[in-house]
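Participant: FYI, in my numbering the residues of the sequence shown are 1 to 425.
Hint data in this document are derived by calculation from the structure and do not stem from the laboratory.
One or more of the hints may lead you astray.
[Stated by the list, open to error] Think about it this way: if two alpha-carbon atoms lie no more than 30 angstroms apart in a straight line, the pair counts; the simulated DSSO-like pairs of lysine-lysine are: (1) K18 / K106; (2) K18 / K156; (3) K301 / K158; (4) K80 / K381; (5) K18 / K353; (6) K129 / K80; (7) K80 / K106; (8) K106 / K156; (9) K381 / K404; (10) K301 / K106.
[Claimed, not checked] What follows is a set of in silico ranges between Cβ atoms, one per label pair, in the way DEER data are often shown: (11) N271 / M364: 17 to 27 angstroms; (12) F246 / T11: 43 to 53 angstroms; (13) L406 / V30: 24 to 34 angstroms; (14) F320 / S60: 32 to 42 angstroms; (15) R44 / L358: 36 to 46 angstroms; (16) L358 / P58: 34 to 44 angstroms; (17) G361 / R44: 33 to 43 angstroms; (18) M364 / S60: 41 to 51 angstroms; (19) R159 / F379: 40 to 50 angstroms; (20) L273 / Y376: 24 to 34 angstroms; (21) F16 / R44: 36 to 46 angstroms; (22) L270 / S372: 19 to 29 angstroms; (23) L273 / A63: 41 to 51 angstroms.
Glycine is no exception: its CB is placed at the ideal position from the N, C-alpha and C atoms.
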Amino acid sequence: MLPLTGRSENTRFTAFFKLATYVLTAFYFVNCLTHLQLHYDTLRYYAIKDCWEYGCPPDSDSAHDYLPYGYTGLLLLLSKLHILRSFSIVFINALYLLGGLYFTRKMFGTAIRPFVFFVVVMLNWAVIKFYAYPLSELQYLFFSIGSLYFYFQYTKNKRPLPLVLAFVFAGLAFLTRTIGIALVPALLLSLIWEYRKELTRIVRNNKILVVIAGLVVIGVVVFSKQLGLDHYTGVMSKQKQGGVNFAQILEWRFKEWAELFFNVPSNKVLNYLPAKAGTEFFVLAGILFFAWFVYLFISRKTSIPVIVRIYLLFYGVIMFSWPFYDPRFWVPVIPLLSAILLQTPVDKSKAIKGFGSLYLGVYMLLGVAALSFATYLCFNKKEFARHHANGVYRNEYETHFFGKPLSDTATQVNPFDLHVLDRYD
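Let's have the full structure, built from the sequences with the hints guiding it.
Facilitator: Have a look at this one:
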């Protein structure tokens, strides 16, 4: 956190970030007016939803798609309510994000300055980008952090309801994204740690909860195929057999970390740098950011709830084994990572304090630029079609908006992509 030298300076600092939080929240809700933002996985979700709702051939890709059912269930619910539109999806994502921020703030308490924390998360380019997509990131963020929060509440008051809610939210998180499996050892090991001297009594007095937890573990093993676990392990094996090794995965993870904490996607920078040197720069920066985080993570001076430590440890182990590259994999834990990184002690010297202030300022400026551009695209159809997903769906968007592609080089329009836009935008 940035230290302040006087009460008046502290008051102005707090007032600035408080106002910034309200302004950013307003901009997030303005962005609910954005057009339906297509993504490869978005189209898969809609295809599965249509398969459930209207039927599909049993041998079709949608009938056998392995994506978890949780987010498709939300789309189906919105469809049944006749409100499956871009506005509804982004509005719900905004509520998910605010809920996740609330849960994180309550867990970390006075260890972080709340309005600085809110601004840092809301100005992260990955959060700005993916919160507007019909993807599972924000739903998973809400349920996973909610599970951690309710367990944290249980440790404070020892009432059974928060513990039940912790496992319910963990189940919903797992149904949303398979990586929610990281919550199971986090909850169980946290319970063991919390009551390591009283474990026998807890088992005796909470037999129902123990049985439920055991049934959940057994159910995951028995129904691993239906839940998609077998498929994911198969995908990992296939990728590694195809030449993806641990060194490549490490390079991807560190590059993602650099993108998140430089607050800019690498493709916006690498075009201005020599290809190899640019990639190496991002990887090296990612290593430094990760080392900085690990130092704080293991430091006794950093205030981190035990449940959060264990969850992030298991989440990280899974991520550093996952053989694909995409910064959005980290979006669900950005609030937790930010709450930890914001506890950096920067008051040891003026130089460190100055560097911290400069870093925060540049980070915020890049975030404001990202949010401003996203808002601009909400109200400019031509530019939206050109820039969204780097123009991958330009022909479909222009046909949807204007009746035909505006590019002279357009050769085809994907019928299903256009169907999704015409029906749900």
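Participant: Next step is simple, just say for each hint if it's right about the structure.
Facilitator: To see whether the hints hold, each was checked on the structure:
1. With a C-alpha separation of about 17 angstroms, the suggested pair K18 and K106 falls inside the 30 angstroms cut-off, and the hint holds.
2. Annotation: proposed proximity of K18 to K156 holds, straight-line Cα distance about 28 angstroms (limit 30 angstroms).
3. Under the criterion of a C-alpha separation no larger than 30 angstroms, the hint pairing K301 with K158 is consistent with the structure, at around 26 angstroms.
4. For the suggested pair K80 and K381, the alpha carbons sit about 28 angstroms apart, so the restraint of at most 30 angstroms is met.
5. For the suggested pair K18 and K353, the alpha carbons sit about 21 angstroms apart, so the restraint of at most 30 angstroms is met.
6. Taken as a hint, the K129 and K80 pair is honoured in the structure, with Cα atoms around 27 angstroms apart against an allowance of 30 angstroms.
7. Under the criterion of a C-alpha separation no larger than 30 angstroms, the hint pairing K80 with K106 is inconsistent with the structure, at around 35 angstroms.
8. For a cut-off of 30 angstroms, the pair hint linking K106 to K156 stands: about 12 angstroms separates their Cα positions.
9. Between K381 and K404 the alpha-carbon distance is near 13 angstroms, which keeps this suggested pair within the 30 angstroms criterion.
10. Between the alpha carbons of K301 and K106 the distance comes to roughly 19 angstroms, so the proposed pair stays at or under 30 angstroms and holds.
11. Hint check: N271 to M364, Cβ distance near 23 angstroms, so the stated range 17 to 27 angstroms holds.
12. Between F246 and T11 the CB atoms are about 50 angstroms apart, so this pair conforms to the stated range of 43 to 53 angstroms.
13. Taking the beta carbon of each, L406 and V30 are about 26 angstroms apart, inside 24 to 34 angstroms as hinted.
14. One distance hint, 32 to 42 angstroms for the beta-carbon pair F320 and S60, holds here, with the actual separation near 34 angstroms.
15. Taking 36 to 46 angstroms as the suggested C-beta distance range, the pair R44 and L358 conforms, at roughly 42 angstroms.
16. A beta carbon spacing of about 59 angstroms between L358 and P58 contradicts the range 34 to 44 angstroms that was offered as a hint.
17. Checked against the hint of 33 to 43 angstroms, the pair G361 and R44 passes, with Cβ atoms roughly 39 angstroms apart.
18. Judged by the Cβ atoms, the range 41 to 51 angstroms given for M364 and S60 holds: they are separated by roughly 46 angstroms.
19. Under the hint 40 to 50 angstroms, the C-beta atoms of R159 and F379, about 48 angstroms apart, fit the expected range.
20. Checked against the given bound of 24 to 34 angstroms, the beta carbons of L273 and Y376, roughly 26 angstroms apart, stay inside it.
21. The hint said 36 to 46 angstroms for the Cβ distance between F16 and R44, and at roughly 42 angstroms that hint holds.
22. Between L270 and S372 the beta carbons are some 22 angstroms apart, a value that agrees with the proposed interval 19 to 29 angstroms.
23. At roughly 45 angstroms, the beta-carbon separation of L273 and A63 lies within the given 41 to 51 angstroms, and the hint holds.
Of the numbered hints listed earlier, those contradicted by the structure are 7 and 16.
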